[in-house]
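S.K.: As you go down the protein sequences, you meet chains F, A and D in turn.
The opening position of the first sequence corresponds to residue 1 in my numbering, with each subsequent residue numbered one higher.
The opening position of the second sequence corresponds to residue 1 in my numbering, with each subsequent residue numbered one higher.
The opening position of the third sequence corresponds to residue 1 in my numbering, with each subsequent residue numbered one higher.
If you are wondering where the hints come from, they were derived from the structure by calculation, not from laboratory data.
Warning: the hint list may mix true and false statements.
As the list claims (entries may be wrong) - Sample of chain F residues lacking proximity to chain A, with all beta carbon distances greater than 10 angstroms (derived):
#, residue
1, Asn-6
2, Trp-26
3, Asn-99
4, Lys-127
5, Glu-155
6, Ser-209
7, Lys-608
Unchecked claim - Some but not every residue of chain F turned toward chain A, in silico, with C-beta under 7 angstroms:
#, residue
8, Phe-46
9, Arg-54
10, Arg-108
11, Cys-111
12, Val-156
13, Glu-329
14, Pro-331
15, Thr-332
16, Met-363
17, Tyr-368
18, Tyr-375
19, Ser-376
20, Arg-395
21, Leu-609
As the list claims (entries may be wrong) - Label pairs and their calculated CB-CB ranges:
#, chain 1, residue 1, chain 2, residue 2, range
22, A, Glu-561, F, Pro-622, 44 to 54 angstroms
23, A, Glu-662, D, Asp-289, 52 to 62 angstroms
24, A, Asp-284, D, Asn-157, 53 to 63 angstroms
Quick reminder that beta carbons are idealized off the backbone N, C-alpha and C, glycines included.
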Amino acid sequence: MERSMNLEKITLGTCYYPEHWPEGMWEEDLRRMLENGIEVVRVAEFAWSKIEPREGEFTYEFFDRFLEIAERAGMKVIFCTPSATPPAWLTNRYPEVLNARQDGVLYRHGCRRHYNYNSPKYQELVKRIVEKSAAHYAAHPAIIGWQIDNELNCEVNEFYSESDTAAFRVFLQEKYGTLDRLNEAWGTVFWNQTYTEWEEIYVPRPTPSNSTNPHEVLDYIRFISDSTCRFARMQSDILKKYVKPGDFITTNGLFGNLDNHRMTEESLDFITYDSYPNFAYCLDSYEPDDKSMRDRKWSRNLAEARAISPNFGIMEQQSGANGWNSRMEAPTPKPGQMTLWTMQSIAHGADYVSYFRWRTCTMGTEIYWHGILDYSGRDNRRLSELKEIHEKAGRMACVAGSRYQAKVGLVRDYDNLWDSVVDAWHGRVERESGKGLFEACQRKHTPFDFCYLDHMKAEELSKYQVLFYPHATMLTQQMTDKLTAYVEQGGCLVLGCRTGYKDETGKCVMSKLPGLLAPLTGTDIPEYTFVSPADGTVYADWDGTRIEAAVFNDLLAPLTEDAKVEARFSSSYYAGTPALISREQGKGRVYYFGGAFSEHTAEIFLEKLGVAEPYADTVVLPEGCELAVREGEQTYLFVLNYLDECAAVELKKECVDLFTGETVSGSMELKPFEAKVLAVGK
Amino acid sequence: MERSMNLEKITLGTCYYPEHWPEGMWEEDLRRMLENGIEVVRVAEFAWSKIEPREGEFTYEFFDRFLEIAERAGMKVIFCTPSATPPAWLTNRYPEVLNARQDGVLYRHGCRRHYNYNSPKYQELVKRIVEKSAAHYAAHPAIIGWQIDNELNCEVNEFYSESDTAAFRVFLQEKYGTLDRLNEAWGTVFWNQTYTEWEEIYVPRPTPSNSTNPHEVLDYIRFISDSTCRFARMQSDILKKYVKPGDFITTNGLFGNLDNHRMTEESLDFITYDSYPNFAYCLDSYEPDDKSMRDRKWSRNLAEARAISPNFGIMEQQSGANGWNSRMEAPTPKPGQMTLWTMQSIAHGADYVSYFRWRTCTMGTEIYWHGILDYSGRDNRRLSELKEIHEKAGRMACVAGSRYQAKVGLVRDYDNLWDSVVDAWHGRVERESGKGLFEACQRKHTPFDFCYLDHMKAEELSKYQVLFYPHATMLTQQMTDKLTAYVEQGGCLVLGCRTGYKDETGKCVMSKLPGLLAPLTGTDIPEYTFVSPADGTVYADWDGTRIEAAVFNDLLAPLTEDAKVEARFSSSYYAGTPALISREQGKGRVYYFGGAFSEHTAEIFLEKLGVAEPYADTVVLPEGCELAVREGEQTYLFVLNYLDECAAVELKKECVDLFTGETVSGSMELKPFEAKVLAVGK
Amino acid sequence: MERSMNLEKITLGTCYYPEHWPEGMWEEDLRRMLENGIEVVRVAEFAWSKIEPREGEFTYEFFDRFLEIAERAGMKVIFCTPSATPPAWLTNRYPEVLNARQDGVLYRHGCRRHYNYNSPKYQELVKRIVEKSAAHYAAHPAIIGWQIDNELNCEVNEFYSESDTAAFRVFLQEKYGTLDRLNEAWGTVFWNQTYTEWEEIYVPRPTPSNSTNPHEVLDYIRFISDSTCRFARMQSDILKKYVKPGDFITTNGLFGNLDNHRMTEESLDFITYDSYPNFAYCLDSYEPDDKSMRDRKWSRNLAEARAISPNFGIMEQQSGANGWNSRMEAPTPKPGQMTLWTMQSIAHGADYVSYFRWRTCTMGTEIYWHGILDYSGRDNRRLSELKEIHEKAGRMACVAGSRYQAKVGLVRDYDNLWDSVVDAWHGRVERESGKGLFEACQRKHTPFDFCYLDHMKAEELSKYQVLFYPHATMLTQQMTDKLTAYVEQGGCLVLGCRTGYKDETGKCVMSKLPGLLAPLTGTDIPEYTFVSPADGTVYADWDGTRIEAAVFNDLLAPLTEDAKVEARFSSSYYAGTPALISREQGKGRVYYFGGAFSEHTAEIFLEKLGVAEPYADTVVLPEGCELAVREGEQTYLFVLNYLDECAAVELKKECVDLFTGETVSGSMELKPFEAKVLAVGK
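Okay, chain F solo, but in the shape it has when bound (with noise of 0.2 angstroms):
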């Protein structure tokens, strides 16, 4: 079931937090929001204590005078539910809700997310709470919406509560039902570590060489996503008893070691995102590295949480500098980014976008999280730009609920992205394929999509020309499966080296490599390596073509006759080996190529397979803009010029520019950080 956002227009919102503010200031500030565009906003995600100052002592006074002033302005409200942040009465009186470092020492008040989602205590005093504020706001006339905690596995995605410990054992009592099965699945013969009673099994625990089965840490982190969703889903089923019709329930995200699908398909309508593309302009992590790509890094972050929910919503839109007192030290957006960054949202699927925040606060932890206001709350730059972004938006309200399109689908599945992270000479190639097969759609303005193996359907992939998968070392019969069905049915795979050694416990499969893809590929690999550091690049040569084949290198030989050799490895010991390799099946093609897709590697796979620059013959663009598109009524093209410097494109086709509503055709400048959107008929 597909979980998208349905909004007749692009929407504007703020995050508001009315405990910051005198009550005086609320009405006034509700109505310059609306003066400026903004129709939405979000409250209460961290006001436990403005609904439960102590414990069992409820009341809502606080927020039925906000909501009645907010109803009356005509603004509309998505409420939170206040786990992400236990008041001081909790923690200190129930320290067993607390989250820990894998040495056990308990984080403690005075920061968020301090809490872990297994703590029956704190699933009583979160259920209640939730109950409580669900049936009392519910009904209310402005809320349109709810958010579930924040953030979740934002600041830490580990937990090592002795709670966790607990659910963990049930965990994997369900999934494994005899400790040797478990004894099987993790390879506990290994060094000993067999186990003889469920009491013998924790959480990851320090150890010497900070080294844990990987086997097991593999199901801790299945465990880690599997207690986020349930979490999510205790609050999400105590909210549907009481939302009204119409209102959705979200939560903001994307954050590490969950299944952000699963918990979408569970718990939510739809996921929103918090995009912070300024973070690329920090001062404590910039890389001067010329060719990075900075903010436009995001785009992969946006494409991301298209892959949850096509029509999306971003909760937390960067309004301004970034920064908290401790760390993190960014600049302003400068004049024309805000609008950036907002069009790079909803070019990849966005219809709302929320800025965070409207006033920057003025105390705590966050007093460099600057939104569109800065203390004084005068009216400064950001605000007119957002104005603007208004009046541009308002303009686009056709824009709404089409689809970004892509004829290039990036493969993954949450078991591998866990595995890459347990795994080091997997997160090695996993990490320069990410970035290489990015980069290299980005530069040659190639739309793609993520496409989560494990939660689409084999039909589904069939809309893609071509498919890459870059990295799948586990591998089991179910995605064997769905990927044969993609090439019969005429689809492009191309896969990279360390393709199918695992199964999906994370042990290594005895049959000939690529395992269970040994016989859709018709390759096998006799031999393999990391590119060795002594050896600098490895080159392969593709037809002529020269192709860097980065990190790791399978050595290819042809399985089956009908195998072709499309390159063979020039250089180290293993010059003159086959180093990509095809074969058809069906109606398809599959490539298998013993590398890592470094960018350039990259860009010749999408050249040589010929969905390389797909709208070349309406637009061309230099490499430093992006080339968004999303199809409706018409087709809908982004272009965003990330650089501080003028681009010059190229209009091969009459569009018509949304902002201005003039039809545009042949030479045209954008300007630094300057960002368009020309409508052109399908």
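Chains A and D: place on chain F using the hints.
M.R.: Using the frame of chain F, we list chains A and D on its own:
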């Protein structure tokens, strides 16, 4: 009340550890010291067990014997309280006296300074031994003064024991009275941190992302300083009951998280400083940057000591290579450096210089913290150099009691200093300007004083022609009044970016920036930003002179008619925006600069404001030499050559070279590491 | 008593884990091994649970079955005690058996080597299983030897459990008898560390600045070594009761904080070493420095093994890529490297080479620690290379039992080795000279031995023409006597800076330096210093040859009439001061050099003292090749080419190429990674 050392002549001392050597060596050691110019020894700061070897068993024989020999030899003695190193029996029996890491792990016996200031048991045991030692030894004729503890807040200056939490609550109760006021001051409404019971409050504990409410942390640092001051005062109050008339009480510093002014005012007759410029040459931390100030940087620390006591003492002055067995690896001072560093100390106001230590210790962590003599105790090069220093000191007796002269003041205050530790945004500008202003004054031979606004009266400021207060982010009305009075009386005040956006809790003000100083400066700050790392250096144009506006830019606008735009930014998107605004008030003028002061910028300010090179009519010297000036009967110019090469100096007036007694003028050459003291009539 | 391995021929083995594979695979695996030259398998070192699956339940069926199959196949077996990996039931029931971090956090189940040696409970349980295993298996005809535990002191070689503190107190009571003597030895009077009860003493615990009394830490390392030796001996004493005549007891190393000589003397028949030269090519630690020795550095480790057992075994020899899932990422050995590294081991004295491991494990932390076969077990390139190695080994049977030849000795002793870990000043010179001397010997094709002064008799030293003892900072009379005897009998002893300034407690001596060696060297050291980082390189002039005097300089002076100044410093403030002094005593000569031995300096010493290139009349080879020589019936020259390029070698005498049986002379070319073994008549 001014708390300075009063000595008739420049006096030399050393640190001696009778407990480290056979008693038979004492007499000969003291004789050799006196023969080489040492008139004072400090003893007993790590000797608790020599007085109380077992709990409650007190014995005075050891130091009785030593003091008798000292008296007979004619050696004066500074006696110490032993609280820096509790005995093993004490910490083993009463682990509650120990300090802890933030995660609760106790610091144990084996190093030093492992105790906390707030343990009632430790206070009880320290009070007893101080009382007993003072009662027994204070009247001894050899004793001339007392040192409390040793290097308070060295090694560790954060405290996380249970006693600290108990005392922190008392500190906060006294400060705020009610939890409501505390919650307000700390802005606990942010992230739902509101406290409902005092027992919910702790010293900062482990949190996700290692971040605790910054207003709480600021109060916590104030609490550490308060604890240290109270601990010193507890001892001082006892000592005062016993010390002979004329004997002094001091301690040696300077260390962080401590209001050294308050401690001195409450508990000491003057401060002493431990000066180890050779740290600059440690192999494990050496910076090969040619532009670094290396050992010359210690002049900045000496200026800090002088800000507390215009005539101070050096309790520990480098006299050999330094290091621990576990870290710090420094070469032996080169010929001349021991003299140079002694003269550096005297130049900045020290009238007492005590070398650490007579003999190099043959055991324990500090076997590489060399004293004058090496392990064997034989005569060596450094002892010869001591003898020469003694001769030079004898010829500069007139310098004693004279005062360092400066027309430039660098304003500081403890709250802003501590906030710059809590707050990374504040810290970054503070570090840049602290370094830039110091180095500019050094290279431009412009003596300066540190002026602690929280410990000075407005009238004390008026002796300075120019005050730089680079980043007073936290402002109070009292501070504003002092600064305003200074300007009105004819002073020139220079403020840098980020001034005045916080109140005394560290929360941000909602008035126009620079907040309380907006009226005086006639300046408004409609926008501000870190210099983007993508922008490189941002410049401003000041009447044709290009200056860097480093790190952070306030984009200025005149607030009042009489505000004068002195300079405008010349790069980034805010080129053309005012970068420097001045305004006259009363007889003076204030400048607001929208950046941090990098060295070159600071030099331009010194020149444009007419305070650079104030002694250029007397002496012209290269950048590599420091010029320091003390005034008494005459004006004493200290010319210090830090480089391992000769320096050409031009005397434009006749001076007397104090070391030779000769009248000198015209060209003069300083040898590598040479120091000269020249007297000129006033 | 010499403890070497006695084999009739170069023998190959492997490590096999029957518990990792279906029993049905065993027979075929053993058959394939034998077919490829493997004659021995090591088993059971991580198999506690296969013998004692639950506390007190012992079963022998598993290994009975395996041994029966092995016997039938004709495969010899090394059986292991299983103490390296306690079962989950054990550590969960008796957490006191666990080792801990210094802050007290226990290392838990999930990795390996998480136990401590001093837990009475662990000792009890280990004794029981060793006794039972030995009683059951020792007589088995397939078994030829036993391995105790696995890699003692690997992963973690510091121990902080409560049992360790208890045992440390006993160790100290036995060593010192009284606390007074302990306080004296540790210099506890420094920083008031005096102990008054034994209960006040602990293993080093957390302290401020992470520094504990260095004399205590030195004793603590001695205690760790003692604990390890006692733990090995506890097992050896049991095994000795049961092993068949002719069967051996060994363990595999080499790891830190352990006197491997003592352990071997007390408990083993000989030592075995685990040799993984491919670590040099790990992606996560590769140093692209051209001058690095890379895999050739393992020759230094092999020399360490040889210092214990002149003919030793390799229990684990690299046979594939290595790594864990959590860290370490290495490429597959290139064609030839597996052979090269095998010949490197043999060249240095190994007569047994056992490859780790037969099959690559498909589960657990070490899925990337590849064996000969990959996951599938199919024939592969490395198996082919094994077969070739086997053929070569067959042709060099005569080499077995022959001895590595060296005329140069590098003197070491455990106390100074451990002190160089405790003491950063000592460590810095030790590392420089250790590297410099090794690399000089390598590049100058000058075979050397490590000579452990604390485990050799004076007469054993006399076979060396030159001994380098670079930095014997700690000296005893016994050591001095041995060195003096060596010189008097005609030896040439070369000492470096910092010799003799400490006694056996690590405290500094108060006599003239170099302390006990002042008379022998005729040298006095009036001053010393680290080479200042501001000075760059310091040189000395040795009869017109410029040599670096690296890291630390002793400024020398002749102490006696017969001392001869050989070289003088030529830079820094001590230019002209003696840097190298020699003196004759008896038939020999001693040199005292006031610096550490960087590589070029070490080469000059080799040349000036006439020991460089001792085989230059037989073979001339490039720097990139190692020359090692074993002598038996004939002289066997090992020429090892570590580079990925050809090497030209010139044979000046006729030799027999053992691999081909051909007589060769004149020019010869080695292929990349090629190794040759050449026999010449004596």
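S.K.: Take the hints in turn and mark each one as holding or not.
M.R.: Hint check:
1. Non-interface status of F/Asn-6 relative to chain A is upheld: no Cβ of that chain comes within 10 angstroms, the nearest being about 32 angstroms off.
2. Every Cβ of chain A is farther than 10 angstroms from the Cβ of F/Trp-26; the closest lies at roughly 15 angstroms, confirming the non-interface assignment.
3. For F/Asn-99, the shortest C-beta to C-beta distance to chain A comes to about 7 angstroms, within the 10 angstroms cut-off, and the non-interface label is violated.
4. The Cβ of F/Lys-127 lies farther than 10 angstroms from every Cβ of chain A, with a closest approach of about 18 angstroms, so its non-interface assignment holds.
5. Non-interface call for F/Glu-155 relative to chain A: violated, since the shortest CB-CB distance, roughly 4 angstroms, does not exceed 10 angstroms.
6. At roughly 21 angstroms, the least C-beta separation between F/Ser-209 and chain A is larger than 10 angstroms, which holds for a residue marked as non-interface.
7. In this structure F/Lys-608 is separated from chain A by more than 10 angstroms, as the shortest Cβ-Cβ distance comes to about 35 angstroms.
8. Hint status for F/Phe-46: holds, given a least beta-carbon distance of 5 angstroms to chain A, under 7 angstroms.
9. Given hint, F/Arg-54 at the interface with chain A, holds; its Cβ is 6 angstroms from that chain's nearest Cβ, closer than 7 angstroms.
10. The interface hint given for F/Arg-108 holds, since its Cβ lies 4 angstroms from the closest Cβ of chain A, which is under the 7 angstroms cut-off.
11. Contact between F/Cys-111 and chain A, as hinted, is supported at the beta carbon level, the nearest pair being about 4 angstroms apart and thus within 7 angstroms.
12. At its closest, the beta carbon of F/Val-156 sits 5 angstroms from a beta carbon of chain A; the interface hint therefore holds under the 7 angstroms criterion.
13. Below 7 angstroms, beta-carbon pairs count as interface contacts, and F/Glu-329 has one with chain A at about 6 angstroms; its hint therefore holds.
14. About 4 angstroms separates the beta-carbon of F/Pro-331 from the nearest beta-carbon of chain A, less than 7 angstroms, and the hint is met.
15. This hint holds: F/Thr-332 has a C-beta 4 angstroms from the nearest C-beta of chain A, less than the 7 angstroms allowed.
16. A distance limit of 7 angstroms between C-beta atoms decides the matter here; for F/Met-363 the minimum to chain A is near 2 angstroms, and the interface restraint holds.
17. Interface restraint check: F/Tyr-368 against chain A, minimum CB-CB distance 6 angstroms, threshold 7 angstroms, status holds.
18. Nearest Cβ of chain A to the Cβ of F/Tyr-375: about 4 angstroms, under the 7 angstroms cut. The hint holds.
19. Among the interface hints, the one on F/Ser-376 holds; its C-beta lies about 5 angstroms from the nearest C-beta in chain A, closer than the 7 angstroms criterion.
20. A hinted interface residue such as F/Arg-395 counts as satisfied when its beta carbon comes closer than 7 angstroms to some beta carbon of chain A; here the least separation is about 25 angstroms, so the hint is violated.
21. The restraint placing F/Leu-609 at the interface with chain A is violated, with a minimum CB-CB distance near 35 angstroms, outside the 7 angstroms limit.
22. Restraint check, A/Glu-561 to F/Pro-622: a C-beta distance of roughly 48 angstroms satisfies the suggested window 44 to 54 angstroms.
23. Judged by the Cβ atoms, the range 52 to 62 angstroms given for A/Glu-662 and D/Asp-289 holds: they are separated by roughly 56 angstroms.
24. In this structure, A/Asp-284 and D/Asn-157 break the distance hint of 53 to 63 angstroms, their C-beta atoms being roughly 24 angstroms apart.
Figure legend: structure checked against the earlier numbered hints; hints not met, in rising order: 3, 5, 20, 21 and 24.
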